[in-house]
Amino acid sequence: MNARSEHAPIVEMRNIEKHFGPVIALAGVSVDVYPGECHCLLGDNGAGKSTFIKTMSGVHKPTKGEILFEGKPMNFATPRDAMDAGIATVHQHLAMIPLMSVSRNFFMGNEPVKKIAGIPFFDRDLADRTTMEEMRKMGINLRGPDQAVGTLSGGERQTVAISRAVHFGAKVLILDEPTSALGVRQTSNVLATIDKVRKQGVAVVFITHNVRHALAVGDRFTVLNRGQTLGTAQRGQITPDELQDMMAGGQELAQLDDALGGTV
Amino acid sequence: MADTATTDERVKEMSRLRLSLMRPELGGMVGTVAVFVFFLLFAYDSGMFAAQGIMNWSIVSAQFMIIAVGACLLMIAGEFDLSVGSMIGFAGMMIAVFGIVLDLPMWIAILITFVICVSLGALNGFIVIRTGLPSFIVTLAFLFILRGFTIYIPQTVENKTIIGGIRDAAEGDWLAPVFGGKIFTGFFQWLGDIGVVGVFERGSREGQPVVDGLPMLIVWALLLVAFGHILLTRTRFGNWVFAAGGDAEAARNSGVPVNRVKVLMFMFTAFCATVFATCQVMEFGSAGADRGLLKEFEAIIAVVIGGALLTGGYGSVIGAALGALIFGVVQQGLFFAGVESSLFRVFLGIILLGAVVLNTYIRRMITGER
Ligand SMILES: Nc1ncnc2c1ncn2[C@@H]1O[C@H](COP(=O)(O)OP(=O)(O)O)[C@@H](O)[C@H]1O
Ligand SMILES: [Mg+2]
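Sequence order for the protein chains is E and C.
The first sequence begins at 1 in UniProt numbering and counts up by one.
The second sequence begins at 1 in UniProt numbering and counts up by one.
Calculated from the structure, these hints are not laboratory results.
Treat the hints loosely; a few may be bogus.
Residues on chain C that point at chain E, a partial pick, calculated with CB under 7 Å [claimed, not checked]:
(1) R234
(2) T235
(3) R236
(4) F242
(5) A243
(6) A250
(7) Q331
(8) I366
Estimated spans, in silico, between C-beta atoms of each pair [stated by the list, open to error]:
(9) N45/E <-> V115/C: 27 to 33 Å
(10) V115/C <-> R80/E: 29 to 35 Å
(11) F38/C <-> T78/E: 48 to 54 Å
(12) A50/C <-> H93/E: 55 to 61 Å
(13) F136/C <-> R185/E: 23 to 29 Å
(14) V115/C <-> D44/E: 51 to 57 Å
Owing to the predicted nature of the structure, the values given are computational and were not obtained by experimental measurement.
Glycine included, each C-beta is placed from N, C-alpha and C at the ideal position.
Excised from the complex, chain E in its bound form:
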């Protein structure tokens, strides 16, 4: 189970800081991610989780700090750079375009081309076939490759996004709150997908503010609070209550917990 002893980390984030004008969204966060592990990033709303992974995926440039990818320093200028290196991200709200077909979404930014008379055309037959195949593997039955993403459920959209990332050879898969808007069954489907992907050797960074979702699939847990880490814990070394406490910053939560009977 412990992938860490066998491999070197694929991504190392060292003392990442990110300032938005006067707002300090990240005040020095260090996290490393190993191949084949599911690294959970927990934290309350506004803790800086999304900002942190955006520095990893090339959306934001860190104000300070260092990113090592496969041991080498990396400076991603655009999401494209990160993607080309093998870091794929399923962003919190904006992963898919509802009006576009599943097939067009699946290949968005990665369209296969076929040359006809020297002119590169979008190879839609290949795109459609691949999409149907990948969706079937994930257990999603499409009416056809041109079915609009808008007609899929939230869980199905996440699954499409995840299988898209894996299809394009992601070594690191970042999922920003993939389960936050989902019902119970859809959540368990997505968690099962995460487990499948991790077993293929992909490093998964799974962001959530739900401790139970994290504990269901996580190997290691890093808690962010107001732009800082409170350290990384191994599976089995930490209880759900401790994780919950860390997320809300300790003391205040203890009182809250009592009042609510520990059922937050």
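Model the placement of chain C with the ligands on the given structure of chain E, informed by the hints.
For chain C with the ligands alone, coordinates are given in the frame of chain E:
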């Protein structure tokens, strides 16, 4: 596409009708058929469907098509250009200024004009993506700026608002006929000879067919429609256009160069406006300060009739072309039928409203929103 047997019991089978309703061109197709049936029934004897009549509404439709293609791709990419009409006036005036006032060869005047106007399109796009302002406002500013220059420049240099003499200046030029010329003249002469197309009975053009060739304006319209349609549906760039307009942030996150796509579409819209202007200037032989008035709205209406969503991310170039055809046929058809021309505007308003309501309904059906 094997294994279609396993269907999800939760996804209701869609009826063929509902599926076909999901094509953006549907409104345009139905509208085109309706319009032709209407005029065939009520204006058949008016000459509207004789060779000259057909050429008449074809030319008007082609004009709408040229600007609708640009507006369509831009709208699908999530932006508007309200400066199209002013750009048409401005481009025509630039050709006159370079070709007549400065007396440069016509082909140089045309090329310089294209460079200036397409650069202005790029500037529009650049301001929109840099400031994040709605393109509606930015291009509204250009609507006034360009129209202002279009009136100011000829008044200052020539003391008038129309500059003529362009046809003479274009005589013998190699580039001008690409916009103002006619092709297949031999074919039309033959059609005249065998009696398919009427011929002049007397006068200096006796024996020549009343329609003596296919104007380049129509050729440009068809080429631009074909180009736009293929670009949109058959290339990676087309997928980026849909993505940029569907959700710019999601597209960026997937590595789509959204800013480049948008700026290029602004440039293409300006290109289409300049093609329109050049054809018009060559046809009229003059440039006028009031040319192109309201064209931006007519382009947008044609695009919306063609099924594109005002919010971007969805639409069809073929649909927009049909919208332009409906436009041209109705405008000229009412004229042939002897209907008061102001009623055309009433028709426009009503059909625009109908199209927008239909599009919203279709959008809900596609995305499953309620
Ligand atoms: N682009 C931005 N500009 C300014 N402030 C931002 C930006 N993105 C995030 N922030 C701020 O950074 C903090 C962390 O946000 P975020 O990373 O989205 O938190 P989380 O994903 O953990 O809920 C918040 O206070 C938010 O307002
Ligand atoms: Mg977030």
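Comparing the hints with the structure gives:
A distance limit of 7 Å between C-beta atoms decides the matter here; for R234/C the minimum to chain E is near 5 Å, and the interface restraint holds. At a threshold of 7 Å, the smallest CB-CB gap from T235/C to chain E is about 5 Å, leaving the interface hint in force. Checking R236/C against chain E by beta carbon gives a least distance of about 4 Å; that is within 7 Å, so the hint holds. Evaluation of the F242/C hint against chain E yields a held restraint, the C-beta minimum of about 5 Å falling below 7 Å.
For the restraint placing A243/C at the interface with chain E, the shortest Cβ-Cβ distance is roughly 5 Å, inside the 7 Å limit, so the hint holds. For A250/C, the suggested interface contact is upheld, since its CB lies about 4 Å from the closest CB of chain E, less than 7 Å. For the restraint placing Q331/C at the interface with chain E, the shortest Cβ-Cβ distance is roughly 31 Å, beyond the 7 Å limit, so the hint is violated. Restraint check, I366/C versus chain E: the minimum CB separation of about 5 Å is within 7 Å; hint holds.
As the Cβ distance of N45/E to V115/C is approximately 51 Å, the hint placing it in 27 to 33 Å is violated. Between V115/C and R80/E the beta carbons are some 30 Å apart, a value that agrees with the proposed interval 29 to 35 Å. Under the hint 48 to 54 Å, the C-beta atoms of F38/C and T78/E, about 53 Å apart, fit the expected range. Against the hinted window of 55 to 61 Å, the Cβ-Cβ separation of A50/C and H93/E comes to about 58 Å, which satisfies the hint.
Checked against the hint of 23 to 29 Å, the C-beta distance between F136/C and R185/E comes to roughly 43 Å, which is inconsistent with it. About 55 Å separates the C-beta atoms of V115/C and D44/E, a value consistent with the hinted range of 51 to 57 Å.
Comparing the model with each numbered hint stated earlier shows that hints 7, 9 and 13 do not hold.
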